[in-house]
Amino acid sequence: MTNNYLKIIRIVLICLAGLTVIFFISKDLAWLGKLEFQTDFNKFTPFISILKPQDQVEIKDLAYIKQEPVWFDIYMPRDFEVARLDFTYKNDYNYKIEVGPKIAEDNNPLQILDETGVSVPANTLKTKSLEFDLKSLPIRYGRLRFMITAPELKDENRGIEIKELKVSLSRKPLWQEGLINNITNYFNYYKNEFR
Amino acid sequence: MNLDKKFKNIILIIVRDLFVASFLLLAIFSLLELIKPKIILNYLNFNLFFLVVLILGVITVLYFEPEYKEVKKLNFLDYSAIILFSVLIGIFSLYLTRAISWPSILVGVVGTVISYLLITIDYR
Chain A
7 MTNNYLKIIR
17 IVLICLAGLT
27 VIFFISKDLA
37 WLGKLEFQTD
47 FNKFTPFISI
57 LKPQDQVEIK
67 DLAYIKQEPV
77 WFDIYMPRDF
87 EVARLDFTYK
97 NDYNYKIEVG
107 PKIAEDNNPL
117 QILDETGVSV
127 PANTLKTKSL
137 EFDLKSLPIR
147 YGRLRFMITA
157 PELKDENRGI
167 EIKELKVSLS
177 RKPLWQEGLI
187 NNITNYFNYY
197 KNEFR
Chain B
389 MNLDKKFKNI
399 ILIIVRDLFV
409 ASFLLLAIFS
419 LLELIKPKII
429 LNYLNFNLFF
439 LVVLILGVIT
449 VLYFEPEYKE
459 VKKLNFLDYS
469 AIILFSVLIG
479 IFSLYLTRAI
489 SWPSILVGVV
499 GTVISYLLIT
509 IDYR
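Chains A and B supply the protein sequences, listed in that same order. For what it's worth, the working numbering labels the leading residue of the first sequence as 7, then goes sequentially. For what it's worth, the working numbering labels the leading residue of the second sequence as 389, then goes sequentially.
The following block holds chain A by itself, in its conformation from the complex (with noise of 0.2 Å):
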């Protein structure tokens, strides 16, 4: 009787420790077509940095912006298709604020993150998604630097607060993509990023 219960115990360890790396695997794979994760840029996170240059932020309660422009990356860990970012931020000085990849010294495809003169009681908290293509953006090693920019940021006292960041990375789950491909792809992102 005992013998038959350290059996069945046997039989759902193997299949435990089969599922946890199918699990993971999948989960490096993006075999369900997304990708999430979210920071507070208090620290280095596998998928996003912290905010740069360290010097131009201070970490509070929130990430505090006191001179611009700033930037992090994201790390991906296989080709994705499109990227959304939802920012929860204070904006108390109504400063316009662009967000996106920054892939040259100027003339980056920016975003608006906040518009000027959009008026809101000091203190709130705002929530705003953008998206961006990433077909037709630079990866390099895996990573692609997003950068935040606000003009209008000249007082040190006067900053910008992020509170989190979430990063959605999607694309063709694998019943869309088979399986044959969904791995080919992967690979030959790693090779032609890491290697």
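Treat the hints as calculated values from the structure; they're not laboratory data. The model shown is predicted, which means the values in this text are computed figures rather than measured ones. Note that beta-carbon positions come from the ideal geometry of N, C-alpha and C, so glycine has one too. Hints may be right or wrong, so weigh each one.
Using 35 Å as the maximum straight-line C-alpha spacing, the simulated DSBU-like pairs for lysine-lysine come out as follows [as the list claims (entries may be wrong)]:
#1 B:K424 <-> A:K178
#2 B:K424 <-> A:K33
#3 A:K141 <-> B:K426
#4 A:K96 <-> B:K426
#5 A:K108 <-> B:K426
#6 A:K49 <-> B:K426
#7 A:K169 <-> B:K424
#8 B:K424 <-> A:K141
#9 A:K141 <-> A:K169
#10 A:K13 <-> B:K461
#11 A:K108 <-> B:K424
#12 A:K178 <-> B:K426
#13 A:K13 <-> B:K426
#14 A:K197 <-> B:K426
#15 B:K426 <-> A:K33
#16 A:K108 <-> A:K132
#17 A:K172 <-> B:K426
#18 A:K132 <-> B:K426
#19 A:K96 <-> A:K33
#20 B:K393 <-> A:K13
#21 B:K424 <-> A:K58
#22 A:K40 <-> B:K426
#23 B:K394 <-> A:K13
#24 A:K49 <-> A:K134
For each label pair, taking beta carbons as the anchor points, the in silico distance ranges come out as [what the hints assert, rightly or not]:
#25 B:D510 <-> A:K178: 45 to 53 Å
#26 A:N48 <-> B:D510: 45 to 53 Å
#27 B:N433 <-> A:N194: 24 to 32 Å
#28 A:V18 <-> B:F473: 27 to 35 Å
#29 A:K66 <-> B:L450: 45 to 53 Å
Knowing the structure of chain A, use the given hints to seat chain B on it.
Only chain B this time, still in chain A's reference frame:
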């Protein structure tokens, strides 16, 4: 009293099975990491997982009492192979935990000793 001992033995068998399963997982994860770096590390705290494997291993080595049966005696060649294999596991553990600096040497030594004790557990 007898029931207590039986229950304790079942728990220890489960702990040993857990250790074997987690050790195999560790080996598979390590192999995957060698093929594609950060495929597991991005999602799992490897040091914590390694600690869990070590604790399960220590409990197994210290408390698990296998049923003794007639086994062949190990000769010099067997011992050499076991020692070599254990040292390889130790080096591998050291390599995997090199990020934590000098404690990784300790992890390597402990890994070697545990491997040796586990492999030879049925021959003692």
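Status of the hints after comparison with the structure:
no.: 1; hint: B:K424 <-> A:K178; result: 21 Å, holds
no.: 2; hint: B:K424 <-> A:K33; result: 13 Å, holds
no.: 3; hint: A:K141 <-> B:K426; result: 23 Å, holds
no.: 4; hint: A:K96 <-> B:K426; result: 34 Å, holds
no.: 5; hint: A:K108 <-> B:K426; result: 25 Å, holds
no.: 6; hint: A:K49 <-> B:K426; result: 18 Å, holds
no.: 7; hint: A:K169 <-> B:K424; result: 33 Å, holds
no.: 8; hint: B:K424 <-> A:K141; result: 23 Å, holds
no.: 9; hint: A:K141 <-> A:K169; result: 28 Å, holds
no.: 10; hint: A:K13 <-> B:K461; result: 29 Å, holds
no.: 11; hint: A:K108 <-> B:K424; result: 27 Å, holds
no.: 12; hint: A:K178 <-> B:K426; result: 22 Å, holds
no.: 13; hint: A:K13 <-> B:K426; result: 34 Å, holds
no.: 14; hint: A:K197 <-> B:K426; result: 14 Å, holds
no.: 15; hint: B:K426 <-> A:K33; result: 12 Å, holds
no.: 16; hint: A:K108 <-> A:K132; result: 24 Å, holds
no.: 17; hint: A:K172 <-> B:K426; result: 21 Å, holds
no.: 18; hint: A:K132 <-> B:K426; result: 34 Å, holds
no.: 19; hint: A:K96 <-> A:K33; result: 32 Å, holds
no.: 20; hint: B:K393 <-> A:K13; result: 20 Å, holds
no.: 21; hint: B:K424 <-> A:K58; result: 28 Å, holds
no.: 22; hint: A:K40 <-> B:K426; result: 18 Å, holds
no.: 23; hint: B:K394 <-> A:K13; result: 16 Å, holds
no.: 24; hint: A:K49 <-> A:K134; result: 22 Å, holds
no.: 25; hint: B:D510 <-> A:K178: 45 to 53 Å; result: 51 Å, holds
no.: 26; hint: A:N48 <-> B:D510: 45 to 53 Å; result: 50 Å, holds
no.: 27; hint: B:N433 <-> A:N194: 24 to 32 Å; result: 29 Å, holds
no.: 28; hint: A:V18 <-> B:F473: 27 to 35 Å; result: 29 Å, holds
no.: 29; hint: A:K66 <-> B:L450: 45 to 53 Å; result: 48 Å, holds
This entry satisfies every hint, going by the numbered hints stated previously.
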